[in-house]
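Letter by letter, the chains look like this.
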Amino acid sequence: MKAHPQTWLRSDKNGLYCKPLAAYIDPVTPVQRAIITHGHADHARPGHSEVYATPQTLDIMRIRYGDDFCERSVPMAYSEEKVLGEGTLRFAPAGHILGSAQAVIEACDYRVVVSGDYKRHFDPTCTAFDVVKCDVFISEATFGLPVFTHPPIEREMQKLLDSLALFPQRCHLVGVYALGKCQRVIIALRELNYTKPIYIHGALINLCKYYETQGMILGELIPVSSVENTKTLAGEIVLAPPSALNDRWSRKLPNVMTCMASGWMQIRARSKQRRAELPLIISDHADWNELIQTLQDINPDELWVTHGREEALVHFAKTLGFKAKALSLVGYEEDANS
Amino acid sequence: MQAFANLVDKLYFINSNNVKATLLKEYLRTTPDPERGWAVSAIAGTLDFQFFKRKMIKDLTIGRVDPVLFDLSYDYVGEMSETVSHLWREAENDPPPLKQVPTLSNIIGTFKSGNQVQNAQFLTQLLNKLNASQRWALLKLGTKGLRIGVSARFLKKVLAEYGKENNPDVTLEDIERVWHAIKPPYIELLTWLDGNGELPDVSDRVVFQPVMLAHPADDGVLNTILPDKFRAEWKFDGIRVQLSVSENGRALYSRTGDDISYSFPDIVENLNYQDINGVFDGELVALEHLDCKDSKIEKNADIFVISKVNHTTSVTIGSFNNLQQRLNKKKPSKKLISAYPVGIILYDCLFLNGNDLRGMMLDQRMQQLSSWYTQQTFSFLFLSRGIAFENLQELSEIRSNVTRENSHYVEGLMIKRRSSTYVAGRPKGYWYKWKRDPLLIDAVVMYAQRGHGIRSSFYSDFTFGCWHGQQLLPICKAYSGFTDEELKALDKWVRNNTIGRFGPVKDVNKTLVCEIAFDSIHKSNRHKSGVAMRFPRVHRIRWDKPAEEAETITQLLQLVSG
Ligand SMILES: [Zn+2]
Ligand SMILES: [Zn+2]
Numbered sequence: 001m002k003a004h005p006q007t008w009l010r011s012d013k014n015g016l017y018c019k020p021l022a023a024y025i026d027p028v029t030p031v032q033r034a035i036i037t038h039g040h041a042d043h044a045r046p047g048h049s050e051v052y053a054t055p056q057t058l059d060i061m062r063i064r065y066g067d068d069f070c071e072r073s074v075p076m077a078y079s080e081e082k083v084l085g086e087g088t089l090r091f092a093p094a095g096h097i098l099g100s101a102q103a104v105i106e107a108c109d110y111r112v113v114v115s116g117d118y119k120r121h122f123d124p125t126c127t128a129f130d131v132v133k134c135d136v137f138i139s140e141a142t143f144g145l146p147v148f149t150h151p152p153i154e155r156e157m158q159k160l161l162d163s164l165a166l167f168p169q170r171c172h173l174v175g176v177y178a179l180g181k182c183q184r185v186i187i188a189l190r191e192l193n194y195t196k197p198i199y200i201h202g203a204l205i206n207l208c209k210y211y212e213t214q215g216m217i218l219g220e221l222i223p224v225s226s227v228e229n230t231k232t233l234a235g236e237i238v239l240a241p242p243s244a245l246n247d248r249w250s251r252k253l254p255n256v257m258t259c260m261a262s263g264w265m266q267i268r269a270r271s272k273q274r275r276a277e278l279p280l281i282i283s284d285h286a287d288w289n290e291l292i293q294t295l296q297d298i299n300p301d302e303l304w305v306t307h308g309r310e311e312a313l314v315h316f317a318k319t320l321g322f323k324a325k326a327l328s329l330v331g332y333e334e335d336a337n338s
Numbered sequence: 001m002q003a004f005a006n007l008v009d010k011l012y013f014i015n016s017n018n019v020k021a022t023l024l025k026e027y028l029r030t031t032p033d034p035e036r037g038w039a040v041s042a043i044a045g046t047l048d049f050q051f052f053k054r055k056m057i058k059d060l061t062i063g064r065v066d067p068v069l070f071d072l073s074y075d076y077v078g079e080m081s082e083t084v085s086h087l088w089r090e091a092e093n094d095p096p097p098l099k100q101v102p103t104l105s106n107i108i109g110t111f112k113s114g115n116q117v118q119n120a121q122f123l124t125q126l127l128n129k130l131n132a133s134q135r136w137a138l139l140k141l142g143t144k145g146l147r148i149g150v151s152a153r154f155l156k157k158v159l160a161e162y163g164k165e166n167n168p169d170v171t172l173e174d175i176e177r178v179w180h181a182i183k184p185p186y187i188e189l190l191t192w193l194d195g196n197g198e199l200p201d202v203s204d205r206v207v208f209q210p211v212m213l214a215h216p217a218d219d220g221v222l223n224t225i226l227p228d229k230f231r232a233e234w235k236f237d238g239i240r241v242q243l244s245v246s247e248n249g250r251a252l253y254s255r256t257g258d259d260i261s262y263s264f265p266d267i268v269e270n271l272n273y274q275d276i277n278g279v280f281d282g283e284l285v286a287l288e289h290l291d292c293k294d295s296k297i298e299k300n301a302d303i304f305v306i307s308k309v310n311h312t313t314s315v316t317i318g319s320f321n322n323l324q325q326r327l328n329k330k331k332p333s334k335k336l337i338s339a340y341p342v343g344i345i346l347y348d349c350l351f352l353n354g355n356d357l358r359g360m361m362l363d364q365r366m367q368q369l370s371s372w373y374t375q376q377t378f379s380f381l382f383l384s385r386g387i388a389f390e391n392l393q394e395l396s397e398i399r400s401n402v403t404r405e406n407s408h409y410v411e412g413l414m415i416k417r418r419s420s421t422y423v424a425g426r427p428k429g430y431w432y433k434w435k436r437d438p439l440l441i442d443a444v445v446m447y448a449q450r451g452h453g454i455r456s457s458f459y460s461d462f463t464f465g466c467w468h469g470q471q472l473l474p475i476c477k478a479y480s481g482f483t484d485e486e487l488k489a490l491d492k493w494v495r496n497n498t499i500g501r502f503g504p505v506k507d508v509n510k511t512l513v514c515e516i517a518f519d520s521i522h523k524s525n526r527h528k529s530g531v532a533m534r535f536p537r538v539h540r541i542r543w544d545k546p547a548e549e550a551e552t553i554t555q556l557l558q559l560v561s562g
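Chains as they are written, first to last, in the working numbering: chain A, 1 to 338; chain B, 1 to 562.
A couple of the hints might just be wrong.
[Said to hold, decoys possible] Partner residues aside, some chain B positions facing chain A, computed with beta carbon under 8 Å:
id, residue
1, I14
2, N15
3, R450
4, S457
For the record, the hints were derived by calculation from the structure and aren't laboratory data.
Don't be surprised by glycine CBs; every beta carbon is placed ideally from N, CA and C.
Work out the full structure, taking the sequences as your base and the hints as a guide.
Below you can see the structure in the form of structure tokens.
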């Protein structure tokens, strides 16, 4: 029986609920059945009974939360299809981080795509975004303002290397999110022929090891904790989670130049807030042009916009002739993994 | 322009002064004239014109960007130039594209010679050609809003460092001496700093002369103070200025060499070189006209009555607060000038009637200054008189009596060696300042914020409060005065006592008392507590003192004098 998705897909206090599949997508509280788009902590939370996700997303959840992160996990490779309740589910690559997926849901004669987080820029650490035609496209909008245009990562990493050449006595401490950004930054440095060891904060070790098991070559990584005399880190690149940049942990590093790799670094006030002396505009999300490009590529009947700056994207989609609305979802952190 | 925009962009984010200096020197080394001189001028804020008004930017942007998207973006970014620099798009009827990005000198030249319409066209072409961060630099530069954490003073220091690398004789004083007499793009100056050519000759221009500075007087020094060796004067609570008048011109400078003449036309425009010709060192103070019968005058008549207008009115020194109303005003109104009159108390003289007095001893200079002074008639000039004393004990009593009574007017004493010549910089053994003892109060730590630069991982910026009934009202912020050990202890305390946060500001348990030292306190209607303090700093951490025993606002108000 044909029924419009607005009758069976809605948000409540737990997140986005899909009635025919009896499942939540990226719920913020423990639920019976969860479809998880990717491993970032604000999307993938522990404590659900049943979890559907890509094998890599499940691995990441296991690394972060331990083996008992859920009661039953169901791995689904990209394009594998499963009947779930009164509909079907499959995952399509989202190009956001390793294992990230769009949830493609078919039910009541409609196809809905929930993008999760995504980007269109090239990223060697994950499979590229796949355009899936659908009736309703549910898009994120983390960087949903036309002021956001993310430059190529090589250009930003070159800035880091230039600074290192100009200030060879300074320890270049780069804030990176542990999952995805960290590994992408390392690979980008390697591609620019940076062959020296890269020093990493303890919180980054496990996920880097996991990326290596998935075939990515990160080169020599040395935990900062194993460096006997931290004074020797002058002139080296040290990666750490953003929370460690201005904290006690960083005090032991010599002559620090604080760098921060994030899409927010495009905005001066945000960089200042982070006290980033060298802001590196590197994002794992779609920028404004990619959001619009994706909308036009998919050309859905309707656009629903989830977390981020919904207002601007909804407005602009309407001027392009799309039916568009904002879905207010709670619990996603704007600054968590951007 | 690319190199300049790149430099500005980097300087904007860097906290460390060393890194800023390295970037600037690298730029000076690798950039040709006149490009680098214009950059120096732009950063030092000596470009004396606006290329375009904010309104022109706005008008040009409208029509290129969806207004809803513009507003949403502006809301988020919070700043006009940055919003435009990101949102700018080429439009159909734009003037033809530029073949290449023009140089900074070319941009400045074109805007300077263009009219309103031509400038709007050129701005459009530039914005079409530049990338976002270059646009930002251009818009900030063009509206004279380039604030990138580099002061003119700091820039001059960097220029001196740069010059020293090529020519060991270069000093900061040289640069300061010629700075106000030369114009951008400073080709002569930069050529000299490169080690090619001579220091620009500015003898026929009015220039700032680097000033002589004092050391704090410690016990060792004080024990050597004898009246025949040292001259004592009041250290008045104003700002240090240098007044320079000759047939070449007239100017009033701050102690760092900034020309502040425009703020004080009531002084500068009344000077004529026939009646006053020289370079004078003194203190700019607020003036107050008082009735002679006023009790304030009775008490310490010899210090505060600096001039008798007639038998019923006298001029005395006003509060620093009054002086503050006059500082940094580009074009003070007549009303402001008459509401807050100012004057200069002269206490030294570097040049007089064409003679260089700097090689003379202080006593001789003062003799020349006062014999000239008795013949002049400017109503806003006063002479600093020496204080008679027999010995240190007497001087000490004078200091504590006066400073206790009248914290508005006197910051303490200056003690100057009578035989001292006038030496720029801070020579040892010549001049001392003996500040009054600070005022002290106990206040409660209310909020904490991380510091800057090297201190950015510590909570080192504190807001303190005093009691108003059951409630604490913020009275001041302080970021200094503690030792490194105390800073670590405070930082730990903040982390263990945080109860909330507003952005970067941590709200903490209202339990820790610090003794705050400050130089003076004034009434202020800009502060909720009704008072404002000068130079508050942490004097001692009172781990032992319960918060309810901290001072009250009422007690604080009693410290306000005058
Ligand atoms: Zn994510
Ligand atoms: Zn997200």
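Do the hints match the structure? See the list:
A least Cβ separation of about 5 Å between I14 (chain B) and chain A falls short of the 8 Å threshold, and the interface hint therefore holds. This hint holds: N15 (chain B) has a C-beta 6 Å from the nearest C-beta of chain A, less than the 8 Å allowed. Because the beta carbon of R450 (chain B) sits about 6 Å from the nearest beta carbon in chain A, less than 8 Å, this interface hint is met. With its C-beta approaching chain A no nearer than about 5 Å, S457 (chain B) sits inside the 8 Å limit, and its interface hint holds.
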